[in-house]
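Asker: Next come the chains, spelled out residue by residue.
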Amino acid sequence: ETWDMPTPYGDSVFHTQNITQFAEDVAEATDGELEITVHSAGSLFAHPEIKDSVRRGLAPIGETLMSRLENEDPLFGIDSVPFLAASYDEAEALWAASRPAIEEKLSEQGLTLLFAVPWPGQSLYTQGPVDSVADMEGSAFRAYNTATERLATLMGAVPTQIETGDIPTAFATGRADAMITSPSTGVSSQAWDFVSTYTELQAWLPKNMVIVNTGAFEGLPEEVQTAVMEAAEAAETRGWEMSEAETEAQIAALTENGMEVMEPSETLSAELAEIGETMTAEWSEQAGEEGQAVIDAYRAE
Amino acid sequence: MEIATLAPILIVLLFAALAAGLWIGFALIVVGLVAMAAASSAPVTLVFATRVWGGLTVWDLTALPMFIWMGEILVRSRLSADMFAGLAPFTRYLPGRLLHVNVLGCALFAAVSGSSAATTATIGRMSVPELTARGYDPRIAIGSLAGSGTFGFLIPPSIIMIVYGAATEQSIARLFLAGLVPGLMLVALFSGFIMLWATTHRSAMPADEPGSGDPRAVLRLLPVIGLIAAVIGSIYAGIASPTEAAVIGVAGALILASATGALSWRGAGEGLIAATQTTCMIAFILAGAAFLTVAMGYTGIPRALAAWIGEMGLSPYALLAALTVFFVVMGMFLDGISIVVLTVSIIMPMVLEAGIDPIWFGVFLVLVVEMSQITPPVGFNLFVLQKITGRDILTLAAYAAPFFGLLVLAVALLSAFPQIALWLPGTMLN
Amino acid sequence: MRLFLDRLYAGSLFASAASFAAIAGLVLIQVLGRLIDRAARLVGAPPPGLTVPSLAEIGGFLFVAGVTLGLAGTFVRGGHVRVSLLTRALPPGAGRGLSALVAAAALGLSAFGTWSSWLQTVDSWVFDSVSFGMIRVPLWLPQGVMTLGLALLTVALLDALIQLLRGATPAYEIGEAEAGGEG
Ligand code: NA
Ligand code: NA
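Protein chains in written order, with this note's numbering: chain A, 3 to 303; chain B, -15 to 414; chain C, -18 to 164.
The set of hints was computed from the structure by calculation and includes no laboratory data. Errors might be hidden in some of the hints.
Quick look at which bits of chain C chain B covers, simulated, 3 or more residues with Cβ under 8 Å [what the hints assert, rightly or not]:
(1) 8 to 18
(2) 23 to 33
(3) 57 to 68
(4) 77 to 83
(5) 141 to 151
Since we're looking at a predicted model, the values are computed, not measured. Backbone N, C-alpha and C fix where the C-beta goes; we use that ideal spot for every residue, glycine too.
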């Protein structure tokens, strides 16, 4: 059997490389009984349609950013609450605490979670050093969803909607002067062309998840299912390692290209932690008991 | 079904459907349906709606109706007639005279619009009636427009470069800069060809413009120059994104037209209705193309062809030649952006392997995609021009053929002198 | 019936134009908000930060609504392009037969598209699919508009096919002939 697998990102992105490896592992472990054709960079279905395509059985398997589904259920946005889990260790603990609930939400839609891998932590890109939140006041801060918009407002900045492809133009022409994104996106959009300072916050580590249509999965022979699950587990471990290595490599690339890479000052850290508390509380309220239970489980560890 | 059997069947089907007079969007859909029935087990009904929905809910596409609406307002308010009268003195002693307006107008407009269809539609809506009324030969008047309309992709901003940059993780800013000099080179090539044509076809050129010796006519250019400056200026001053700037164009055209008393509310409304029809026409074909593209993704035909080229183990120049042929052939049947999306992940590794610069390759891709805009049977600039001129696609393709040749020449020049693309980004950003 | 259908096509074309005009209106508000922010910064006041939330996503929805609602109106005015070399070259009888055949094929394809879009709308309704952006838009809403637009196109094609079979000249052929007179 051959499975078409739509994924949103290009071949040079480590997520795609990890998935390509996963597909090879599956083919090898099943002796070619299940071949997965990876359609990267949205070439089969674009990012907004991938989840529904898998649910509708148009493609048996696919990859999507988990927090894209936040409007369906706040739980999917748990990995994008700023400063709730602001390092790889914390992100791993949060994932362990939230995984069962996420799996259940997905299974309600006939989807099975295979694995999830985080992007490098989201950090701050600005035109100059930021010592405290006051330095952000009034600046045009790129917002691309509800959480980033709220974050901008809490920092006293003005949220500005900028599409990904529009980032360089927006910065070059002054429609935006600050953003929070991963070092990967910083390097791929060649941020040094338009901003000077990178402040390492790792404010949150959003994850891409690989999901499979449960019906299609259960249609596979037992031993193939097992092989897929084993390959998925290996892909998750490998993906997290790749992500950490990516963080280091891309921060080095930022430095190499002349960006000033800074650790946040004590003042800034304290102020941001407070904003994080506010946003976590707001998120919990939205997510209700279910969400609170996940937070409690995470904090108990 | 085997790809070697399926591909020719699909091509014959497409030609038959088009020749019978089936509307283009439907012809693409029927080929997509047959392809999916033959080579995929995915439920085709939901694939259609999912992909058409996804292919049309794209923010950048919203600039299309805006630019076309702006063009309709200008035509209805005599501002476009003023523009031609104002340009006449400048071009009086230039062989080819007002034909150069197509080239320069498209180049200027391409600096605002990221799409070739919008560029062709907006400039064409103004220049075709003006040039026809002045007695210019339609072969060169329409052909040069079809060719120049493709500048929309090469001169930044460019939708296709954004697509390529996102898929291959290349800097969009660098790609934009890299497109600028090749864009100017194409302007020179096209204008040069028009001069050559005008010198060799003196009898086909209209008589001198009456009153074109009056230098005061230049003043009539001011409103339109002001409008273009406002649109470009709004982008560079950070007031509007390139997509939003299209609306500045509409607002500016409305203000100008009402200030000069040349446009009523009724006229503005009629312009909107006309723009709506052109947009629906183009978007319907885009919808068909989106479905055919996903069907092609399922069949794996473009991947297999690209991989076959990769297996030939060609030298860099031979690889580029093979890719050019590949893209030209694919470009006859699919729209350029779809081809890039479908094949980039197979092609990029071989390109990098051959030591070709990815930024340079982006410019190369844009040029071959430009060619696909003017090759029959599926060429978006041709569809736009059919709507404007009422002439058949094959006739229009014949008019555009010399400019297709010039695009091939541009690819050859770019391959021989890669610095044409790489010099500017290298100087500006390193 | 004739009058009702003609008004239906014209009305949907107006609705389509209104969608595009709405995009223009929203973008203008967004640009205006940015200008106000800039002016506020200049005088040292805090920028109010007036924006249209989810503009890109909502603009996309309005675009798809505009396009699909305008399909029928564009069709009856001969606005959709095709290659008419063969139909024009054929003798009148055969040409008419081919036209009817093509209209029938288009009708089938359009009905398929409508059915497909309807299934998608129902699916989005059942699963409560929502948009990704800052405003939570239920997807069945714009997808329902898309279905409506495709359904109107199907009606227009059926209308044209009946005209052709009756021996009348459908509206789109008149529109195409008029367009051919330009240029
Ligand atoms: Na352009
Ligand atoms: Na073509």
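Asker: Hints the structure violates: just list their numbers, smallest first.
Answerer: 2 and 5
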